[in-house]
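Construct the complete structure from the given sequences, taking the supplied hints into account.
Protein chains in written order, with UniProt numbering: chain R, 1 to 200; chain Z, 1 to 200.
Among the hints, a few may not be true.
Straight-line C-alpha distance at most 35 Å; calculated DSBU-like pairs for lysine-lysine [claimed, not checked]: (1) K59(R) - K92(Z); (2) K35(Z) - K35(R); (3) K140(R) - K92(Z); (4) K140(Z) - K49(Z).
It is worth saying that the hints were derived from the structure and are not from the lab.
2 protein chains.
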Amino acid sequence: MASRKTPDATRRSERSRVAILTAARELIAEVGYAKLSIEAIAARAGVGKQTIYRWWSSKGAVVFDSLLALSEGADGEGIALPDTGDIEADLKTVLRATVAEFADPEFEAPIRALNTEIINDAELAAIYREKMAAPVEEAKKERLRSAQRAGQLAADADLDLFLEVLYAPLAQRWLLRSGPLDDAFADALVDAALRAFRPE
Amino acid sequence: MASRKTPDATRRSERSRVAILTAARELIAEVGYAKLSIEAIAARAGVGKQTIYRWWSSKGAVVFDSLLALSEGADGEGIALPDTGDIEADLKTVLRATVAEFADPEFEAPIRALNTEIINDAELAAIYREKMAAPVEEAKKERLRSAQRAGQLAADADLDLFLEVLYAPLAQRWLLRSGPLDDAFADALVDAALRAFRPE
Chain R
1 MASRKTPDAT RRSERSRVAI LTAARELIAE VGYAKLSIEA IAARAGVGKQ
51 TIYRWWSSKG AVVFDSLLAL SEGADGEGIA LPDTGDIEAD LKTVLRATVA
101 EFADPEFEAP IRALNTEIIN DAELAAIYRE KMAAPVEEAK KERLRSAQRA
151 GQLAADADLD LFLEVLYAPL AQRWLLRSGP LDDAFADALV DAALRAFRPE
Chain Z
1 MASRKTPDAT RRSERSRVAI LTAARELIAE VGYAKLSIEA IAARAGVGKQ
51 TIYRWWSSKG AVVFDSLLAL SEGADGEGIA LPDTGDIEAD LKTVLRATVA
101 EFADPEFEAP IRALNTEIIN DAELAAIYRE KMAAPVEEAK KERLRSAQRA
151 GQLAADADLD LFLEVLYAPL AQRWLLRSGP LDDAFADALV DAALRAFRPE
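Structure representation (structure tokens):
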């Protein structure tokens, strides 16, 4: 869309946009999604409510964009799993890092808020899958294909199912707080998934 | 706690309680948790708001009790998995039934609402685990122990991990609507879990 804005106005817009997304992300971590309001985001960002509503239709939409901005490589660039040639070691490295992220309130609070939204909003769930989940899953599958070529994983393994068996138990323990989320659990999941899909 | 109520008053109380829990369950399925109000529950149940607040501290507490009342065998009685001697066939029967339940809006809407609450409320999560999840998990583990005795499952298999590998991917597809929830997926999960924990 062509813009009639002067360069100064464009710079001001971009500054406001960044301030709003930063405020949304900070406030989610501080007060949680339920208590987050457009008013509070506007006050923290130093803009009027109207400025927010000009760009976003709802609280959920701002929050989603604030998390998308946070997620490096949401455009599919720059995501790659380690490939040392040892799939077991590499997956354990990656899963332990995920466990560490979930232990960090600054990281986990906004993601928990996002999950709450996604669970109750099928449309947001579809956007999330396309924009955030799919690029990351493709990067993970790229690493799994390399393991298949190396004969460390069954050639006919269903890679989507593999990723669900590997990650869903971790996500569930985190979401429902149903058990310890630690390195031992991360390692046990990797071992179980590799046993389930090992070459015959 | 001793009650000074007359038998008639006790019967009226019990009738109100049942009406409130039924109304809460119906309304969750109809309007979802976010739009559910104590006012609406009171109106549907034909009681005053005060009556609800006398027994429950919050919307979440009423909803939780309404689902607890729904869950047959939440006290641990009457839950048992089929045991035909064939663990693969029995688990496929059970997982296909779970998939069918998730396809039923009347069943899945309140459980989705409950999950949303649990994700954002660590205290409710602990109550849920103790009152609803633990008895059901124990019944499942009973069936797995029988499979271990029959040599169909590794004797040293971590049964908690087995259940998470089996059920978390199913719960995740349902919650995030991230893929088809059908018999083929149920069967593939059973096959993967059994491969991961088969006897050496």
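Hints, verified against the model:
| no. | hint | verdict |
| --- | --- | --- |
| 1 | K59(R) - K92(Z) | violated, 41 Å |
| 2 | K35(Z) - K35(R) | holds, 15 Å |
| 3 | K140(R) - K92(Z) | holds, 28 Å |
| 4 | K140(Z) - K49(Z) | violated, 40 Å |
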